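Peer 1: Using the sequences and the accompanying hints, generate a full structural model.
Protein sequences appear in the order of chains B, R and Y. In terms of the numbering used here, the first sequence opens at residue 1 and continues consecutively. In terms of the numbering used here, the second sequence opens at residue 1 and continues consecutively. In terms of the numbering used here, the third sequence opens at residue 1 and continues consecutively.
Calculated directly from the structure, the hints in this document are not laboratory data. Predicted model only: the values in this text are computed from it and were never measured. Take the hints with a grain of salt, since some may be wrong.
[To be verified] Simulated restraints on C-beta separations: (1) R/T101 with B/T35: 49 to 59 Å; (2) B/E43 with Y/R109: 58 to 68 Å; (3) B/W89 with Y/L200: 18 to 28 Å; (4) Y/L200 with B/T35: 49 to 59 Å.
[Said to hold, decoys possible] For the chain B half of the interface with chain Y, some residues (derived, Cβ under 7 Å), not all of them: (5) S26; (6) K31; (7) P41; (8) Y56; (9) F60; (10) F67; (11) F70; (12) I72; (13) A74; (14) F90; (15) G96; (16) V97; (17) A114; (18) L115.
[Unchecked claim] Residues from chain B that face chain Y, not an exhaustive set, calculated with beta carbons under 8 Å: (19) V16; (20) L18; (21) D71; (22) Y78.
Even for Gly, the Cβ is constructed at its ideal location relative to N, Cα and C.
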Amino acid sequence: MLINYLPILIYMLIAVGLLGVIVLLSELLGKKTHTVQKDIPYECGMDPIGDARSRYTVRFYIIAMFFIVFDIEAIFLYPWGVVFKPLGWFGLVEMGVFIAILAVGLAYVWGKGALEWE
Amino acid sequence: MQIIFFILAGVALVTGGLVVFQRHPLRSALWLIVNFFAVAGIYLLAHAEFIAAIQVIVYAGAIMVLFLFVIMLLNLREPEAEAKFMHLGQKVGGIILAVFTVLLLIYGVMQVVLPPGKAAPPGLGNTESIARLLFTDYLLPFEVTSVLLLVAIVGAVVLAKSKLK
Amino acid sequence: MTAWITGCLILLLKLGIVLVGLLLLAAYLVLAERKLLARLQIRLGPNRAGPLGLMQPLADAVKLLTKEDLAPAKADRLIFLLAPAVVAATALLIFAVVPFGQDWVIGGRRIPLVVADLNVGLLYALALSSIGVYGVALGGWSSNSKYALLGGIRGAAQMISYELSLGLALVPVVMLAGSFSLVEIVAAQSRYPFLLVQPLSFLIFFVSAVAETKRIPFDLPEAENELVAGYHTEYSGMRFGLFFLGEYVTMVVMGSLVAVFFLGGWRGPWLPPLVWFFLKVLGVVFFMIWMRGTLPRLRYDQLMHLGWKLLVPLALLNIVVTGAVLLLLRA
Numbered sequence: 001m002l003i004n005y006l007p008i009l010i011y012m013l014i015a016v017g018l019l020g021v022i023v024l025l026s027e028l029l030g031k032k033t034h035t036v037q038k039d040i041p042y043e044c045g046m047d048p049i050g051d052a053r054s055r056y057t058v059r060f061y062i063i064a065m066f067f068i069v070f071d072i073e074a075i076f077l078y079p080w081g082v083v084f085k086p087l088g089w090f091g092l093v094e095m096g097v098f099i100a101i102l103a104v105g106l107a108y109v110w111g112k113g114a115l116e117w118e
Numbered sequence: 001m002q003i004i005f006f007i008l009a010g011v012a013l014v015t016g017g018l019v020v021f022q023r024h025p026l027r028s029a030l031w032l033i034v035n036f037f038a039v040a041g042i043y044l045l046a047h048a049e050f051i052a053a054i055q056v057i058v059y060a061g062a063i064m065v066l067f068l069f070v071i072m073l074l075n076l077r078e079p080e081a082e083a084k085f086m087h088l089g090q091k092v093g094g095i096i097l098a099v100f101t102v103l104l105l106i107y108g109v110m111q112v113v114l115p116p117g118k119a120a121p122p123g124l125g126n127t128e129s130i131a132r133l134l135f136t137d138y139l140l141p142f143e144v145t146s147v148l149l150l151v152a153i154v155g156a157v158v159l160a161k162s163k164l165k
Numbered sequence: 001m002t003a004w005i006t007g008c009l010i011l012l013l014k015l016g017i018v019l020v021g022l023l024l025l026a027a028y029l030v031l032a033e034r035k036l037l038a039r040l041q042i043r044l045g046p047n048r049a050g051p052l053g054l055m056q057p058l059a060d061a062v063k064l065l066t067k068e069d070l071a072p073a074k075a076d077r078l079i080f081l082l083a084p085a086v087v088a089a090t091a092l093l094i095f096a097v098v099p100f101g102q103d104w105v106i107g108g109r110r111i112p113l114v115v116a117d118l119n120v121g122l123l124y125a126l127a128l129s130s131i132g133v134y135g136v137a138l139g140g141w142s143s144n145s146k147y148a149l150l151g152g153i154r155g156a157a158q159m160i161s162y163e164l165s166l167g168l169a170l171v172p173v174v175m176l177a178g179s180f181s182l183v184e185i186v187a188a189q190s191r192y193p194f195l196l197v198q199p200l201s202f203l204i205f206f207v208s209a210v211a212e213t214k215r216i217p218f219d220l221p222e223a224e225n226e227l228v229a230g231y232h233t234e235y236s237g238m239r240f241g242l243f244f245l246g247e248y249v250t251m252v253v254m255g256s257l258v259a260v261f262f263l264g265g266w267r268g269p270w271l272p273p274l275v276w277f278f279l280k281v282l283g284v285v286f287f288m289i290w291m292r293g294t295l296p297r298l299r300y301d302q303l304m305h306l307g308w309k310l311l312v313p314l315a316l317l318n319i320v321v322t323g324a325v326l327l328l329l330r331a
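Peer 2: Here it is in structure tokens:
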């Protein structure tokens with residue numbers, strides 16, 4: 001069974017090697033002239049104001065948290081999909097309850113306005 | 001087989017160390033991702049393909065994204081992280097605590113007697129066997145998990161509520 | 001022993017052909033897109049390099065390779081270097097589990113036209129696509145530029161949101177096929193492609209796939225009239241080229257995944273399997289280009305609403321309904 005992963009490993013090595021060669025080639029072929037102005041991050045031609053890495057809205061953070069929760073839910077759904085046929089109605093009701101509880105969660109999030117962007 | 005295990009275990013240990021010793025929190029997070037891949041590789045060696053896949057999906061693909069967001073959004077930087085650990089007392093206390101924890105861990109590991117290993121049943125990378133157990137014998141824990149996830153959602157909203165308005 | 005060596009050589013040859021084929025396809029997809037978009041906008045498109053502009057990808061490659069490779073001051077150089085490679089590599093690696101034709105038998109040796117048929121192939125593809133997020137987020141962060149960081153964060157939030165609906169849309173496919181193996185999913189569609197029984201899943205998957213590739217109408221991470229070029233603002237030369245390549249390889253890969261999960265993979269009458277697979281992938285990709293030529297960009301709130309308020313609930317509902325219908329049909 002693990003022999004199945006050998007082609008992937010080789011494929012991975014070749015792919016990464018190929019990308020490495022491409023980057024290396026551009027490193028060799030491209031010219032390099034550094035000036036202070038050239039190394040300034042682009043800000044529409046102006047000198048950058050302040051630090052680029054400032055704080056951003058908490059909404060992105062909330063989206064990431066919701067993603068974890070629903071991703072874990074999805075993880076439960078995949079194995080269920082595999083044994084869905086043998087389990088029959090019992091399995092469907094079981095998963096129906098699971099999905100329903102999380103749907104309540106989604107409705108709560110929705111109702112609280114955590115999915116709004118303004 | 002054993003050589004692969006030792007390589008993966010070595011990678012896991014080294015990257016685990018790097019997570020702790022990096023100065024920049026973002027670098028730590030990235031080494032942790034490499035660490036998760038090594039652990040997933042070890043699961044794969046144990047013929048637990050499903051666990052290996054969800055290790056990458058959930059830990060490397062979801063939880064670490066949240067970590068990354070936090071580091072990026074809070075704009076954590078090297079100097080801040082450095083300044084907090086300058087006291088001598090903190091250093092000494094940290095070392096004592098670390099040594100104690102390691103000793104405790106070694107003691108704990110020595111105490112464990114592992115039952116003789118059983119190979120996973122062939123077939124669907126034991127997804128099927130896990131699924132069968134999960135959705136029959138462990139029905140209640142499975143349903144309770146959904147409640148736990150619900151609590152997590154509510155918690156996330158409550159934590160962020162003041163910011164959302 | 002000789003059998004083992006020939007096996008290895010065949011494997012290496014196959015892997016090489018797959019990789020080069022993917023890269024070439026991606027390169028020519030760029031040209032095809034430029035040509036098509038031009039036609040949609042009543043222009044001619046690139047037609048100077050070679051006949052019909054067919055040498056354009058080569059010219060682009062030479063240009064990108066010889067351009068100066070810049071990194072802004074105060075950028076995190078190592079991460080800045082790695083980020084585009086992450087995007088390109090994950091896209092290339094997903095293709096490893098995609099079966100692109102029926103097994104070939106040459107001289108009594110069976111050559112499967114898939115790099116590796118994994119039991120957990122579907123999860124492998126999802127896992128890798130969730131790793132692709134890092135390329136965008138880290139590329140944006142490491143540039144030390146405001147536009148890049150905004151684009152990176154936007155891109156990461158968008159990708160994780162649509163990954164959810166992308167994954168959930170595949171649960172009915174798993175239920176129908178009873179397997180994660182892409183080879184078996186194709187085998188399960190021997191009588192009819194899953195598109196016919198799962199049109200809703202197909203739609204959700206396709207929309208999410210386009211969102212994952214960050215193309216119009218979902219190109220907010222690189223929206224040029226507000227974020228310059230988004231997460232790859234500071235990238236130049238071949239590193240920008242890798243981001244670019246990654247996007248087009250992702251298009252090909254998403255096209256192949258749509259073909260495998262919903263269009264019956266390489267199955268089809270009259271034509272050889274390999275040709276069918278190619279045609280299906282091109283069909284899906286053509287549709288993506290057509291969308292780019294037709295639709296305006298979404299606003300960020302609309303983007304998030306589409307993902308979280310429409311696609312995710314719809315996908316969950318679809319799973320339950322599919323389950324009920326399957327059981328009713330069996331009874």
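Peer 1: Determine for every hint whether it applies to the structure shown.
Peer 2: For each hint, the structure was consulted:
With their beta carbons about 52 Å apart, R/T101 and B/T35 fall inside the hinted range of 49 to 59 Å. B/E43 and Y/R109 have their C-beta atoms about 60 Å apart, which keeps the hinted 58 to 68 Å range intact. Between B/W89 and Y/L200, the C-beta spacing of about 22 Å keeps the proposed range 18 to 28 Å intact. Take Y/L200 and B/T35: their Cβ atoms lie about 56 Å apart, and the range 49 to 59 Å holds.
Of the supplied interface hints, the one on B/S26 holds, with its beta-carbon coming within about 3 Å of a beta-carbon of chain Y, less than 7 Å. The restraint placing B/K31 at the interface with chain Y holds, with a minimum CB-CB distance near 5 Å, inside the 7 Å limit. Annotation: B/P41 was flagged as interfacial toward chain Y, and the flag holds, the nearest CB pair being 4 Å apart, inside 7 Å. Checking B/Y56 against chain Y by beta carbon gives a least distance of about 6 Å; that is within 7 Å, so the hint holds.
For B/F60, the shortest C-beta to C-beta distance to chain Y is roughly 5 Å, which falls under 7 Å, so the interface hint holds. Because the closest C-beta pair between B/F67 and chain Y is about 4 Å apart, less than 7 Å, the hint holds. With 7 Å as the threshold, the beta carbon of B/F70 comes within range of chain Y, its nearest partner Cβ sitting at about 5 Å, so the hint holds. For B/I72, the suggested interface contact is broken, since its CB lies about 11 Å from the closest CB of chain Y, more than 7 Å.
With 7 Å as the threshold, the beta carbon of B/A74 comes within range of chain Y, its nearest partner Cβ sitting at about 5 Å, so the hint holds. For B/F90, the interface hint is violated, since its Cβ never comes within 7 Å of a Cβ in chain Y; the closest pair sits about 10 Å apart. At a threshold of 7 Å, the smallest CB-CB gap from B/G96 to chain Y is about 6 Å, leaving the interface hint in force. Taking 7 Å as the C-beta cut-off, the interface hint given for B/V97 is violated, the closest approach to chain Y being about 11 Å.
For B/A114, the interface hint is violated, since its Cβ never comes within 7 Å of a Cβ in chain Y; the closest pair sits about 9 Å apart. The restraint placing B/L115 at the interface with chain Y holds, with a minimum CB-CB distance near 5 Å, inside the 7 Å limit. A hinted interface residue such as B/V16 counts as satisfied when its beta carbon comes closer than 8 Å to some beta carbon of chain Y; here the least separation is about 6 Å, so the hint holds. Here the hint on B/L18 is kept, as its CB sits about 6 Å from the closest CB of chain Y, short of 8 Å.
At a threshold of 8 Å, the smallest CB-CB gap from B/D71 to chain Y is about 6 Å, leaving the interface hint in force. Using the Cβ-Cβ criterion of 8 Å, the hint placing B/Y78 at the interface with chain Y is satisfied: the shortest such distance is roughly 6 Å.
Going through the hint list in order, the structure does not satisfy hints 12, 14, 16, 17.
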